[in-house]
Amino acid sequence: MTISDRINRIARSVPAWPFYPLLLVPGLWTFWLALNGRLGADPMRELEHDLGIWALRFMIAVLCVTLARRFLNLNLIKFRRLLGLTGFFYALAHLTVWLLLDRQLMWGEIIADLYKRPYIIFGMLAFLLILPLAFTSNNWSVRKLGAAGWNRLHRLAYPAAVLMILHYLWLVKSWTLEPLTYTAIMAAVLLAKLAPRKAARSRQTKTA
Amino acid sequence: MVYTPSQKILPSEITPKDVWLNRRNLLAGAAGGIAAIAMPGLVLAETEKTERAKLDVTKSEKYSGLEPTEYEYITGYNNFYEFGTGKEDPAANAHMLTTKPWSIKVDGLVNKPGDYALEDIIPASLEERVYRFRCVEAWSMVIPWDGFQLSELLNKVEPQGSAKYVAFETVVRPEEMPGQRGLFQPLPWPYVEGLRIDEAMHPLTILANGIYGEEIPNQNGAPLRLVVPWKYGFKSIKSIVRMTLTEEEPPTSWNNANAREYGFYSNVNPQVDHPRWSQASERVIGGGLLATRQPTLMFNGYEAEVASLYEGMDLTKFY
Chain A
1 MTISDRINRI ARSVPAWPFY PLLLVPGLWT FWLALNGRLG ADPMRELEHD LGIWALRFMI
61 AVLCVTLARR FLNLNLIKFR RLLGLTGFFY ALAHLTVWLL LDRQLMWGEI IADLYKRPYI
121 IFGMLAFLLI LPLAFTSNNW SVRKLGAAGW NRLHRLAYPA AVLMILHYLW LVKSWTLEPL
181 TYTAIMAAVL LAKLAPRKAA RSRQTKTA
Chain B
1 MVYTPSQKIL PSEITPKDVW LNRRNLLAGA AGGIAAIAMP GLVLAETEKT ERAKLDVTKS
61 EKYSGLEPTE YEYITGYNNF YEFGTGKEDP AANAHMLTTK PWSIKVDGLV NKPGDYALED
121 IIPASLEERV YRFRCVEAWS MVIPWDGFQL SELLNKVEPQ GSAKYVAFET VVRPEEMPGQ
181 RGLFQPLPWP YVEGLRIDEA MHPLTILANG IYGEEIPNQN GAPLRLVVPW KYGFKSIKSI
241 VRMTLTEEEP PTSWNNANAR EYGFYSNVNP QVDHPRWSQA SERVIGGGLL ATRQPTLMFN
301 GYEAEVASLY EGMDLTKFY
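Heads up: the sequence lines are chains A and B, in that order. Take 1 as the starting number for the first sequence in my numbering and just add one per residue. Take 1 as the starting number for the second sequence in my numbering and just add one per residue.
Do not rely on the hints blindly, as some may be mistaken.
Here are the simulated SDA-like cross-link-like pairs (lysine to any residue), alpha carbons at most 20 Å apart as the crow flies [claimed, not checked]: (1) K116(A) / D102(A); (2) K87(B) / K116(A); (3) K87(B) / D102(A).
No lab work stands behind these hints: they were computed from the structure. It should be emphasised that the depicted structure is a prediction, and the values quoted were computed from it without experimental measurement.
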């Protein structure tokens, strides 16, 4: 039995639902640290950043699920909804921290930010794109939209992913290792997704 | 005179470490002796790393009354890219910098140029002033600086009539400053800054060699740094090695890196936004997660003292 077979077997027997609360633990932990003065001199910034980075990580993870199936013969589709929704929760938390703790409901400034600052525009657009994806991440929606329709809608994940990266790059003062690393990873993932399916299939038969 | 920063130090010019260490030992011994005689106010510290020399300072009456930020935040949350771009990198890495012996090269349009040892620059009487500190990133602190007015040093070196600007340079020591080596360099080195001569001579402008009554920690710009409290923090250049008097406006690092976002003057101004974020309010460091943002004050609260320097200037153009 190959490693991928073994992983697939484990994946089939492990349920996804316990991971919903589990994957929120990193965010909750950071929030607890921030609340208790254990997140350094600027806890709000740190929390905002951390939540955003987790959202980005889960977006990358979601995109990697079909890549894993195509290139590694791993069937983790069962966990894709988990990863997507968790990413959405982190993005929502990130947006909430921005509205409540960063901008502190100064609506005049928030509105101004929304049209004056490119990085806020990118971020907001990314969020608006993943909003319908989150709302349709359930069996009822798949039935209503049909597999083809649902898949077409969920292609919005691609522009959302690009906007998330642009949001990050446009807000840092200078392009250091962390933002550039995530840009490189996202670029690699998106390029791999664009790789023609024929080549992938022939690669599969070769290794089988 | 057109000002050009010092040439970048070639690797071949860097003193081999064993030679340098030996020279250091000799000089440190000599300096220690001289320091004990020349600076009666300076109590020499124990050789423990965590111990800092206490400074003999007089608390300023005029610049007091603000609640200072906690010491751990002032010394633990810094932008000092020479030690790494993370806010905690300077505190972690700055210990590598040797600050003794230290001298500042004074050149350009002055009557008394030369390499001034730190002991010859720092006066016997130091003052502690509690200043607001506002970073361009929209966070702020209140810091009790120990130092002396820059005008004292300038008067000592006698700027010539044609001098219109003062330029400064930070130390370049890639072997001691990890942020200056490796593939990703956030800024070209040396870090440079400058002031108009009236800004430099202003009583608010100080050179600081201490914080909270103690010798200044390396991550805060030891052994000597500039503090210009009405401007964004990046203008308060750290670990100064050179001061040049010039006729032309000198280059400044952040302006070179991104002229649209960082101007020469960089006066704190809630009405002039950074292109990517508003400057109308700030986060107070040490306030905690739920702290309310504070409205930013014109010239960081020093409007009465400095507004006259910029009368008639369009501050949206000269940002």
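Here is how each hint holds up against the structure:
The hinted pair formed by K116(A) and D102(A) meets the criterion: a straight-line CA distance of about 17 Å does not exceed 20 Å. At most 20 Å may separate the alpha-carbon atoms for a hinted pair to count; K87(B) and K116(A) exceed this at roughly 27 Å. About 18 Å separates the Cα atoms of K87(B) and D102(A), which keeps this hinted pair within 20 Å; it holds.
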